[in-house]
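Kindly generate the complete structure, drawing on both the sequences and the hints.
Take a look at the letters that make up each chain.
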Amino acid sequence: MTTQIYYPQDYRINYLTLIGNNRNLDMTNLVVEFSYFEDLFAFSVTGYVILRDSAGYTELKQMVGDEYLEIDFGKTSSDDNNSNIVGKYRIYKIDTIKPVGNITSEIYKLYFCSEELVLSEQNKICKSFKGKKISDMVKFILTDRSTSGKLQIQSSKVTIEDTTGLYDFVIPIMKPFEAISWLSTYARPSAFPESADMLFYQNRDGFFFKSLQSMYGTKVFAKYNYIPKNLPDTTIEEKIFSILDYEIVKPYDVISNINTGVYANKVITVDTLTRRYYTKNMNNAISQRKKLNVSDVLSPMSNRLGISQDQSYDACLKMYVTNSNQVDFEYFKQRQGSIEKDIFAEKYVTNRTIDISSLDHTRIKFVVPGNPTLKVGTVVELNIPKLNPTDKTNNALYSGKYLITAIRHLIESPTVYKCIVEASKDSYDTRLATINTGDPSIARNLS
Amino acid sequence: MSFMGKDGFVWWLGVIEDRNDPTGMGRYKIRIFGWHTDNLQELPTEDLPWAQTVLSLNGSIGWSNALEGDYVMGFFLDGSSGQFPVVLGKFSGLDNSEIKA
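Each protein sequence line maps, in turn, to chains A and B. Counting in the numbering used here, the first sequence runs from 4 upward without gaps. Counting in the numbering used here, the second sequence runs from 199 upward without gaps.
No incorrect hints appear here.
Calculated lysine-lysine pairs in the DSSO-like style (CA-CA distance at most 27 Å, straight line):
id: 1; chain 1: A; residue 1: LYS91; chain 2: A; residue 2: LYS142
id: 2; chain 1: B; residue 1: LYS204; chain 2: A; residue 2: LYS344
id: 3; chain 1: A; residue 1: LYS91; chain 2: A; residue 2: LYS64
id: 4; chain 1: A; residue 1: LYS178; chain 2: B; residue 2: LYS204
id: 5; chain 1: A; residue 1: LYS283; chain 2: B; residue 2: LYS204
id: 6; chain 1: B; residue 1: LYS204; chain 2: A; residue 2: LYS321
id: 7; chain 1: A; residue 1: LYS368; chain 2: A; residue 2: LYS232
Per the computed footprint, the stretches of chain B lying under chain A, defined by three or more beta-carbons under 8 Å from a beta-carbon of chain A, are:
id: 8; stretch: 228–241
id: 9; stretch: 247–256
Residues of chain B clear of chain A, computed beta-carbon distances all greater than 10 Å:
id: 10; residue: ALA264
id: 11; residue: GLU266
id: 12; residue: ASP268
id: 13; residue: LEU286
id: 14; residue: GLY287
id: 15; residue: GLY291
Since the hints were derived computationally from the structure, they do not count as laboratory data. Everything numeric in this text was worked out from a predicted model, so none of it was measured. Even glycine gets a Cβ: it sits at the ideal position worked out from N, Cα and C.
Have a look at this one:
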């Protein structure tokens, strides 16, 4: 990617142009701060630009809410334009305008998001799908180019993972992005039919409808090391992939994990048509999901009543309506069109509960030198050293593979471009060693 | 929704479009106002989900006493997902022929 690195946080803004109705404005020289956000659990890229304006452009350029922002920025040292973050976004809000310097200039913040988010907010969709895959429904909502298409996004900007199962759904009048998010709760990836972890998000490359399992399976995008600062023999490459700062935001939280179903959950489903009900238990051992790292987060220790973490099914109890197994009833088989297709409530509820909640078992926030290719939905490997400087091995609990769940590309001065990253993991990188305190009641072996 | 009955009672008003339930269980196809478009191309009657009825316990089995065009009220078993409608009852009111007259 790089020909010559000048400085780990170097950057170059090729375009930062406000586009209005015949009133374009190059804002490159007005920028005080620029932020570009991606979030795995949000529908759209968002961001803001703080400007210092001594010409009164809000009035001169008649900024009234119909402007766009064209962005193209990347590394100074990069000769690969594909690595740049490039896009045209919709400015949707101007924050408080403050005069500074005896009213010789003013500072204000322009907020932007994808145009598709605004389109989604402006429209509603209501459509029936009979016997369709959820991935096909999502593709239709995003890319339908007919006159009734609500978003009409180019297919090249959309990546949709195939899902399993055929469904009869009527999308009840909803915003298109809301409809996709709603569909994602039912969806199971065809490559991992025992999971229910589809997410809908946007990053620098476009819109994605993708499973956590397939994200976990991608190769490590970058390896970052936390190294002592100002060492004389640190190379520029080492600095580029160094962690400037980090914070373990959520080392673990047992009460939260119990309630969100990280360890175990249960669903009771009721079928009012066939007058049956079903109960399904799920835990980490039953779940066939892949993990980011090698070792489970479960402790084999039991509580003083003899119940282990993954046996506490009732801690996260859900109740849903179901139509499971209706197709097997002879009565309905003989009456075509009398029932809708199975929604697989027992599968999607229990699996989604554990798949989504497990991701957030451990969460870290870290800062690295700006890298425009870093994006949500990718796996990074973090090497966090032990506190003991003589021990060169990594911290067993907090090192390892993480999935980037949110990222902020921040430019805040002519020399500072950094990425503030939030990443999560569902497992430990190293099989934990036996810790035997001599007291058998608290001895544990996680290997 | 995560717990049926604890996450709110989502009720609705709709109009019956089909009462020919192939199962003979007295279900209806109902176009629900604000949830289902009135555009028949986007959502034809045949694609509407079957809505079960909640019957009174007074000994009546009268599930055929509502007709196409009747306005009804009900709720969704699956809350705001809106795929499992249930009818609670119908509204008294003028029928279409009386309105035209």
